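K.L.:
Each chain is listed here by its residues.
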Amino acid sequence: MPRIVRGVLITALVVVVLIWLESGFGASPGFQTVLPDAAWRQLVLFAMVNVVIALSLNVINGMAGQFSIGHAGFVGIGAYTGALVAGHLHVRLGSGDPQFANSFIVMPLVLLASGTIAALFGLLVGLPSLRLRGDYLAIVTLGFAEIFRLVIATAQTGGTAEGSVAKFLASLGGQNGYAGPEGNGVPQYAGPFWIFGSVIVATLIAWRIKFSGWGRALRALREDEIAASAVGVDPTRYKVVSFVIAAAGAGVAGGLFASMHDGSPTVQPDSFTFVQSFDAITMVILGGSGSVSGAIVGGVFVTVTVKLIEQLQGLESIQAFRADHPSIDLNALRMVVYAAVLIGLMILRPEGLFGEREIFRRKRPKKGGGDPDNNAAQKSQSTQESTQDSENSTPADKESTESASSKQATSETLTTAEGTAS
Amino acid sequence: MKILNAIIAGVAQGSMIALVSLGYTMVYGILKLINFAHSEVFMMGAFFGLFLTVGFGLDTSPMFAGVAGTLAAMVLAGLLGALVEKVAYAPLRARSGGRSNTNTRITPLVTALGMSVLLQNLAQLLFTARYRSYPQLLPIENARTIVFVVAVVVMIALQFLVYGTWFGKAMRAVSVNVEAARLMGIRTGRVISMTFVTGSMLAALGGILYCLSQSQVYPTMGVVIGTRSFVAAVIGGIGSIPGAVLGGVLIGVIGELTKLTPYSGLQDVIIFTVLIVVLLVRPSGLLGKAGIEKV
Amino acid sequence: MSELVLKNVTKRFGGLRAVGDVSFTVPEQSIFGLIGPNGAGKTTVFNLITGVYKPDAGSAIRFGETDLLPLKPPMIARLGIARTFQNIRLFGQLSVIENVLVASEKNRKAHLGAALLRLPIFYRDESETYDKALELLRIFDLHKMADETSTSLSYGNQRRLEIARAMMLKPKMLLLDEPAAGMNYGEAEGLKKQIHWLRDEFKLTVVLVEHNMQVVMGVCEELHVLDHGETIAHGTPEHVKKDPKVLAAYLGEEASESTTEAAP
Chain A
1 MPRIVRGVLI TALVVVVLIW LESGFGASPG FQTVLPDAAW RQLVLFAMVN VVIALSLNVI
61 NGMAGQFSIG HAGFVGIGAY TGALVAGHLH VRLGSGDPQF ANSFIVMPLV LLASGTIAAL
121 FGLLVGLPSL RLRGDYLAIV TLGFAEIFRL VIATAQTGGT AEGSVAKFLA SLGGQNGYAG
181 PEGNGVPQYA GPFWIFGSVI VATLIAWRIK FSGWGRALRA LREDEIAASA VGVDPTRYKV
241 VSFVIAAAGA GVAGGLFASM HDGSPTVQPD SFTFVQSFDA ITMVILGGSG SVSGAIVGGV
301 FVTVTVKLIE QLQGLESIQA FRADHPSIDL NALRMVVYAA VLIGLMILRP EGLFGEREIF
361 RRKRPKKGGG DPDNNAAQKS QSTQESTQDS ENSTPADKES TESASSKQAT SETLTTAEGT
421 AS
Chain B
423 MKILNAIIAG VAQGSMIALV SLGYTMVYGI LKLINFAHSE VFMMGAFFGL FLTVGFGLDT
483 SPMFAGVAGT LAAMVLAGLL GALVEKVAYA PLRARSGGRS NTNTRITPLV TALGMSVLLQ
543 NLAQLLFTAR YRSYPQLLPI ENARTIVFVV AVVVMIALQF LVYGTWFGKA MRAVSVNVEA
603 ARLMGIRTGR VISMTFVTGS MLAALGGILY CLSQSQVYPT MGVVIGTRSF VAAVIGGIGS
663 IPGAVLGGVL IGVIGELTKL TPYSGLQDVI IFTVLIVVLL VRPSGLLGKA GIEKV
Chain C
718 MSELVLKNVT KRFGGLRAVG DVSFTVPEQS IFGLIGPNGA GKTTVFNLIT GVYKPDAGSA
778 IRFGETDLLP LKPPMIARLG IARTFQNIRL FGQLSVIENV LVASEKNRKA HLGAALLRLP
838 IFYRDESETY DKALELLRIF DLHKMADETS TSLSYGNQRR LEIARAMMLK PKMLLLDEPA
898 AGMNYGEAEG LKKQIHWLRD EFKLTVVLVE HNMQVVMGVC EELHVLDHGE TIAHGTPEHV
958 KKDPKVLAAY LGEEASESTT EAAP
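Residue numbers (my numbering), protein chains in the order written: chain A, 1 to 422; chain B, 423 to 717; chain C, 718 to 981.
The hints are simulated quantities; they were obtained by calculation from the structure and are not laboratory data.
Careful: at least some of the hints might be erroneous.
Calculated lysine to any residue pairs in the SDA-like style (CA-CA distance at most 25 angstroms, straight line) [as the list claims (entries may be wrong)]: (1) B/Lys-681 to A/Ala-170; (2) A/Lys-307 to B/Thr-642; (3) C/Lys-826 to A/Arg-349; (4) C/Lys-861 to A/Arg-357; (5) A/Lys-307 to B/Leu-682; (6) B/Lys-454 to C/Tyr-770; (7) A/Lys-167 to B/Pro-705; (8) C/Lys-771 to A/Leu-132; (9) C/Lys-823 to A/Arg-237; (10) C/Lys-771 to A/Ile-205; (11) B/Lys-711 to C/Lys-823; (12) C/Lys-771 to B/Asn-599; (13) B/Lys-711 to C/Arg-729; (14) B/Lys-508 to A/Arg-349; (15) C/Lys-789 to B/Pro-705; (16) C/Lys-789 to A/Leu-123; (17) C/Lys-789 to C/Arg-734; (18) B/Lys-454 to A/Asp-224; (19) B/Lys-454 to C/Lys-861; (20) C/Lys-887 to C/Arg-734; (21) C/Lys-887 to A/Arg-237; (22) C/Lys-823 to A/Lys-167; (23) A/Lys-167 to B/Leu-682; (24) C/Lys-724 to C/Pro-744.
Keep in mind the model is a prediction, meaning the values are calculated, not measured.
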């Protein structure tokens, strides 16, 4: 089956399944059929948003080896942008309950806006700090995320604000969070269709970046920047573009987060603190930096533990225990454990769970284009030839026969290449 | 007059930041590592100072308790710094010694960040997240002068330590080339430990001085001051001791001056803007030397 | 014409003058040797040509019509000047063939957009560069270890992989920094043949920094001798070999013996 036909069929199938999850084709939505418990559904959606965060961070942290520790800042920018766009569009569409049909108008614009704005900020942050070799990105991203949060959280709310910027910031609700233009909550358009869809697209993008020349160049930069620039890879360009891609991915995740089904109706600055950035790093490192499947596993795992602790804190026995020991902060305990695990992992197994490997991965990229079968046959043949050559020859004259046979091989492939090209 | 006052206050505030910056810059100079945990050593030092000062008998003789508590807190913080290095960083160095393994750059950064998160949350567990008031040891009108004088004396002492003693020479040798220093018979492990001890002691002193002027202490206090201090080190030229001092004072003054404007909340925005401008114009920092990378 | 011209090139590191007023011209398609005792500034000259360091004021470096001074290393590489490193710099965690493939970024027709959409041009591009890389690996007898990580290779193989990677750039000029370091007599002989073959096959200019006189005298057509950053001799190997300044400053008893031995 030709690649294009197969691609179209798979896409169609995926879209149908996603629509079924969301709408159920008249019957009850598939997502509710699969997971009747609302808490579980929320957990799954939340995990998927985190997977998008982990996948995007993995591009810059894992593949390019540049340490960004303010990823939550970009998620936050995306979330606020998305909430603004969704909120205003929702009013235009006549408010009421968010309809699935309307989400095809709202969500594309939300995700586009979130991704673009976050990408612009990514460019702003990345350009000065990635020009330099060294760890400046770490400190600049940390500061940037913190500033973003502080600017929003400390914005003067109430009627005192003057100037368009101050008024705009005030409209975002400060510490209490943004609840849409009418103050009755951000409309929740992002259901399973959009969230699962985004995860699939994000996975595809991450995968295709990794297994392309671009990804190879990024990994080469990570290993040795000087050697990479000596073979024509421009470090600044590759790093900045990758950072912008990562920021855009985080922005999209933020857009999803802001208007997620069963999510919080407000977007609050406290959802984008350093703790969230650190969680994102944990997702990437735990799974294995550079591994796409590792980022997915890491994202799911971290979300589950975070939610588990939230659930535990609701239990009566835990609440009684906390009443007796007010100093025991389960979240602080979780962070201590995470940090300890991370340090231990770095010391014992710095490559993470999967290393750079993937769960489903053919050993060598299958070659497409032209005439793959013919290529392979020719290759194995010439490999055999040279093997025989080197077996029969003494070490001293091995070099000469080798270069002779390779010369022959070179000219052969050159002619065949010309043949196929014309 | 207002401006002059703000500048004076800024210099005092900045000299305290500079004390913390020195720890960052020394560790970076020697290991090329951003020691994220440094800001938490700063916080821990302040807590040690609080408990020890109270423990030494605040009511009977506040002067003695203050000085002894501060010195003891510095020693404890120094030990903590050395412990952090031994637990989190030394094993990485030992392993990556032979070959360059994957992510050599990211691995120590993750460890450092992990150490920072660990210490901060440990402090929350041990001391709870609430703000504690710090005993008012210094007369409020003289606090700035004392902070400033102490900071200047310590910096002069540090300058002497680095450029006038055998240990300082060893430290500088290690910062140029760890392997060569080892071959010359310098016990590099010990030099690195001592660098952490020195930096951590300064951080604890900075923490206590900070608390004396702000009169409260809490587990997350390291985040803001730590970040500002690191930015100060980068602006001044990371790896350079006078650079860290200059950067610290600069940030202190900027901070106090912004308080005069209606945008006092945007202090850190301005500081980071300055950082980005410096990175664009003079990547090696105001007093830093452009490093020559051997190829 | 794409000859390499260095004029009055000077580079100071602090007070140390690593390279002082060096001028030479590398003719197109020649094999040019840059020799001198340790610390003579040979590698620094390579770093100046490839843009890793920038020379002091008054220096001029041109490649053909292009002034190299304002260019950064990736641009210089894209002009067709490829190099290897004295202390091997491979991409450790990448496989052998990936190391070579990285150098194809310059000649890539399918860019990031095409890769993300997996357009037909992406597959064609991958397949073509893959074949080309395998071909180069075969030339250097590394094709059987194409999928191993580059750190697992022996020292000699790592050196050859570096040359293969440099060749993937389709360079006009190849700068080899001590390619024979750590090679035995037989391997060095093989290297000599390979350098000649590469030049003839790919119409390359080769500049060689090398201590191994067997290789230098056997393969170079023109030599430039540096000592303490300054030029002390220039000419054909026969000429340089007899130059008393060179003998005194550099070759010494032992080395000159091995030279006569190795001379064909």
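K.L.:
Each hint needs a verdict: does it hold in this structure or not?
P.N.:
Hints versus structure:
Taking the CA atoms of B/Lys-681 and A/Ala-170, the gap is about 21 angstroms. The hint holds against a cut of 25 angstroms. This hinted pair checks out: A/Lys-307 and B/Thr-642 have alpha carbons roughly 23 angstroms apart, not beyond 25 angstroms. With a CA separation close to 38 angstroms, the supplied pair C/Lys-826 and A/Arg-349 exceeds the 25 angstroms bound. Under the criterion of a C-alpha separation no larger than 25 angstroms, the hint pairing C/Lys-861 with A/Arg-357 is consistent with the structure, at around 22 angstroms.
For the proposed pair A/Lys-307 and B/Leu-682, the alpha carbon gap of about 44 angstroms is over 25 angstroms, so the pair is violated. Taking the CA atoms of B/Lys-454 and C/Tyr-770, the gap is near 21 angstroms; set against the 25 angstroms cutoff, the hint holds. For the proposed pair A/Lys-167 and B/Pro-705, the alpha carbon gap of about 36 angstroms is over 25 angstroms, so the pair is violated. For a cut-off of 25 angstroms, the pair hint linking C/Lys-771 to A/Leu-132 stands: about 16 angstroms separates their Cα positions.
Note on C/Lys-823 and A/Arg-237: the hinted pairing holds, with a Cα-Cα distance of about 13 angstroms set against a maximum of 25 angstroms. Between C/Lys-771 and A/Ile-205 the CA atoms are separated by roughly 39 angstroms; this puts the pair beyond 25 angstroms, and the hint is violated. Taking the CA atoms of B/Lys-711 and C/Lys-823, the gap is about 33 angstroms. The hint is violated against a cut of 25 angstroms. In summary, the hint linking C/Lys-771 to B/Asn-599 is supported, as the alpha carbons are separated by about 23 angstroms, within the 25 angstroms threshold.
For the given pair, B/Lys-711 sits about 14 angstroms from C/Arg-729 by alpha-carbon distance, which is consistent with the 25 angstroms threshold. Between the alpha carbons of B/Lys-508 and A/Arg-349 the distance comes to roughly 18 angstroms, so the proposed pair stays at or under 25 angstroms and holds. For the given pair, C/Lys-789 sits about 17 angstroms from B/Pro-705 by alpha-carbon distance, which is consistent with the 25 angstroms threshold. Taken as a hint, the C/Lys-789 and A/Leu-123 pair is honoured in the structure, with Cα atoms around 21 angstroms apart against an allowance of 25 angstroms.
Our distance criterion of 25 angstroms between C-alpha atoms is met by C/Lys-789 and C/Arg-734, whose separation comes to about 22 angstroms. Distance restraint check for B/Lys-454 and A/Asp-224: the Cα-Cα separation of roughly 16 angstroms lies within the 25 angstroms cut-off, and the hinted pair is therefore satisfied. Taking the CA atoms of B/Lys-454 and C/Lys-861, the gap is near 39 angstroms; set against the 25 angstroms cutoff, the hint is violated. Restraint check for C/Lys-887 and C/Arg-734: the C-alpha separation of about 34 angstroms exceeds 25 angstroms, so the hint is violated.
With a CA separation close to 22 angstroms, the supplied pair C/Lys-887 and A/Arg-237 stays within the 25 angstroms bound. With a C-alpha separation of about 49 angstroms, the suggested pair C/Lys-823 and A/Lys-167 falls outside the 25 angstroms cut-off, and the hint is violated. As the CA atoms of A/Lys-167 and B/Leu-682 are separated by approximately 22 angstroms, the hinted pair is consistent with the 25 angstroms bound. With a C-alpha separation of about 14 angstroms, the suggested pairing of C/Lys-724 with C/Pro-744 holds against the 25 angstroms cut-off.
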